[in-house]
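A.B. asks: Model the full assembly from the supplied sequences, consistent with the hints where possible.
For reference, the chains in residue letters:
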Amino acid sequence: MSLLTIEGMEAAEMSRLLDLADGFVEVLDRPVPKVPALQGRTIGMLFYESSTRTRMSFERAAKALSADTMSFTPSGSSVSKGESLKDTALTVGSMGPDLLVVRHGSTGAPWRVAEWTGLPVINAGDGAHQHPTQALLDCLTLRQHFGSIDGLRVAIVGDIRHSRVARSTAQAFAAMGASVTFVAPTTLLPVDVNGWPVTTTSDFDGLISDLDVVYMLRIQQERGGGDVFPSIGEYVTRFGLTRRRADRLPVHTMVLHPGPMNRGVEIDPAVADGPRSLVTKQVANGVAVRMAVLFDQLSGAGSR
Amino acid sequence: MIILQGGTVFGADQGVADVAVENGRVVEIGAVSAGPDDRVIDCTNAWVGPGLVDVHVHLREPGQEWKEDIASGSRSAAAGGFTTVVAMPNTEPAVDSGQMARYVHDRGIEAGVVRVVPSGTISLGRAGKKLSHIDDLWAAGVRIFTDDGDSVADAGLLRRAMEYIAELGGIVAQHAEDPGLAGHGHMHEGAISSRLGMIGLPSMAETIIVERDIRLVELTGCRYHVQHVSARATIDVIRRAKAAGLPVTAEVAPHHLAFTDRLVESMNPVAKMYPPLRSDEDVAALREGLADGTIDCVATDHAPHSAHEKDVPFEEAPRGVIGLETAAGAINTSCALPMEDFFDRMAVRPGQLLGLDTGPLAVGSRADLTVFDPALTWTPETFVSKSANSPWIGHELTGRVRSTIFDGQVSFQLGEDAP
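So the protein sequences, as listed, match chains A and B.
My numbering applies: residue 1 is where the first sequence begins, and numbers increase by one.
My numbering applies: residue 1 is where the second sequence begins, and numbers increase by one.
For the record, the hints were derived by calculation from the structure and aren't laboratory data.
C-beta atoms are modelled at their ideal positions from N, C-alpha and C, and glycine is treated no differently.
Looking from chain A toward chain B, a few residues come up when the C-beta cut is under 10 Å (computed):
1) Glu115
2) Trp116
3) Asp126
4) Ser163
Here are the computed lysine-lysine pairs in the DSSO-like style, where the Cα-Cα straight-line distance is at most 30 Å:
5) A:Lys86 <-> B:Lys386
6) A:Lys63 <-> A:Lys281
7) A:Lys81 <-> B:Lys386
8) A:Lys81 <-> B:Lys310
9) A:Lys86 <-> B:Lys310
10) A:Lys281 <-> A:Lys34
11) A:Lys34 <-> A:Lys63
12) B:Lys310 <-> B:Lys386
13) A:Lys63 <-> A:Lys86
Only some residues are given here: those of chain B computed to face chain A with a beta carbon under 10 Å:
14) Arg195
15) Val264
16) Met267
17) Pro269
18) Asp311
19) Glu315
C.D. replies: Structure representation (structure tokens):
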């Protein structure tokens with residue numbers, strides 16, 4: 001069974017994975033943070049987009065479970081010689097991995113890899129579509145801090161249109177009972193969010209005193225779509241989490257960011273490093289969540 | 001003599017009759033008794049009418065023969081009941097001169113199973129900058145001019161093309177897609193593109209170009225044909241233009257009448273084509289427009305791509321689907337037109353666009369004929385075309401072409417030329 005999307009995953013299933021992740025948080029706290037759970041299993045990693053935290057996080061997770069990894073990145077590989085995704089997937093698949101972790105710039109690529117290879121696939125981000133382990137690590141982070149996600153008021157702010165994080169995390173938060181608001185200019189909102197469990201606004205200041213969580217997103221210039229706002233300066237004025245704006249947040253409100261951050265654009269450095277920030281916690285939880293997902297896929301309930 | 005026996009004949013007072021063919025002509029309609037040397041084709045339960053005409057196919061030759069060539073595309077057309085196809089000029093090199101048009105025409109004659117009518121580009125090299133060799137193309141028999149694959153975005157260039165082509169009596173056919181609005185869109189812009197995180201290609205990109213072009217038709221009087229109309233709002237624009245008496249025609253592709261953007265949720269690039277599959281309300285409006293005649297004809301936009309080209313992630317895949325072999329069955333399945341309208345939209349009116357003498361069958365008619373069984377169910381799996389990028393694989397269709405007669409000869413017989 002692959003993990004391709006958070007769409008349609010029920011709260012009980014997410015909670016089960018988060019409980020599993022809690023156990024691995026404890027493992028990672030040990031003097032020797034390693035268990036033999038996946039000894040002898042091999043995980044193939046196909047990362048077609050540049051990635052630091054997600055790729056390293058999966059590698060760290062695999063190794064903490066004693067699994068072997070084989071990594072593939074397109075630069076300096078057969079891809080630069082013109083090999084197709086299908087051929088690369090079949091090649092890597094033939095080397096005997098038990099599971100593939102796939103990141104790709106195009107929507108649906110992990111689905112296609114699963115179809116071609118017949119192997120379980122974890123989607124580590126496809127285009128602007130889905131990033132399910134990010135959604136789970138964000139849920140874990142909120143659950144740890146607030147005790148429960150149910151009833152939290154969350155604003156996801158910034159480039160929603162080009163964000164797979166927003167698409168995945170908003171659905172997960174909403175499934176766990178949070179009320180989610182997308183905050184962005186129209187040009188950075190998805191064209192049609194009818195039926196999504198979210199409300200939308202372009203008035204960040206209007207809701208800033210009524211939030212428990214502010215989730216900031218980076219402007220994804222690499223996903224194209226043309227000019228989407230007049231200038232960085234104007235964007236920061238309306239949608240940046242500046243120090244002044246952060247000062248208006250309720251005292252208990254926490255700040256998340258999936259990284260990489262553009263300091264001084266969507267988030268002020270003082271806020272990113274300040275007491276409200278859960279950013280490093282997110283990264284740490286990413287390892288535990290990926291351990292949970294890998295374990296679940298290869299020897300837990302998800303493998304059946 | 002070939003005798004098409006016992007079918008419902010389009011033209012014979014709409015009744016059951018035999019049709020006898022000799023020397024490239026229909027020689028008798030009625031009760032025909034077969035002699036020992038005659039070939040008898042059983043047409044029981046089938047419609048017998050004029051050969052189907054497709055004004056929009058990509059035969060890929062010259063330049064991309066691994067996808068299709070004029071011979072394989074011709075056989076694919078015959079298998080779909082077509083006796084005339086218009087080859088789009090976006091080959092490599094593009095058909096922007098008489099020499100290129102003659103090449104396409106001559107290769108069609110060599111293949112010999114369907115009439116291949118070349119179309120020519122509007123702009124030189126299909127680059128959208130300067131006029132193509134319009135007079136030269138006209139002299140080589142080109143009647144439809146188009147930069148299909150791309151819109152003629154420059155209104156000034158299109159105006160000059162229309163003024164020039166209007167004098168000749170030709171047709172300007174437009175792939176209507178405003179490049180600015182279309183952007184790098186991969187699929188219909190709407191709820192599903194939003195959910196999938198793919199850049200959308202809004203309906204308005206089509207409608208706005210047709211609105212603009214109709215102003216140029218008013219100015220120039222040029223005959224104007226909207227290719228593969230896909231959006232409800234565009235049909236309203238065409239309806240108004242026709243009501244105003246402007247020389248405007250339109251075609252619709254079978255896939256736009258059958259599928260919506262929900263097909264993209266499969267992530268399979270077989271659902272990728274431009275214009276993209278749109279919404280339920282667009283499909284309903286297209287069916288209505290075809291039924292009431294606002295849309296003049298069905299055209300497949302047959303666009304072959306080989307398997308390895310489509311075996312990639314959706315956003316990286318080339319655009320287009322094949323359609324010749326499934327068109328008649330697909331139209332019958334999604335629109336269930338009565339026989340007269342079926343032949344009107346698939347043979348008579350597209351033929352008239354080309355100046356062909358298509359119409360109800362009569363003694364003396366050219367023996368380009370199609371035998372279509374409207375009740376035969378089948379599920380497409382394999383194709384005569386070199387390519388198999390069809391969205392209908394695995395979908396049951398009701399209605400299939402059983403025989404095709406081109407220029408008095410059997411060009412396709414179900415059971416012999418296809419299983």
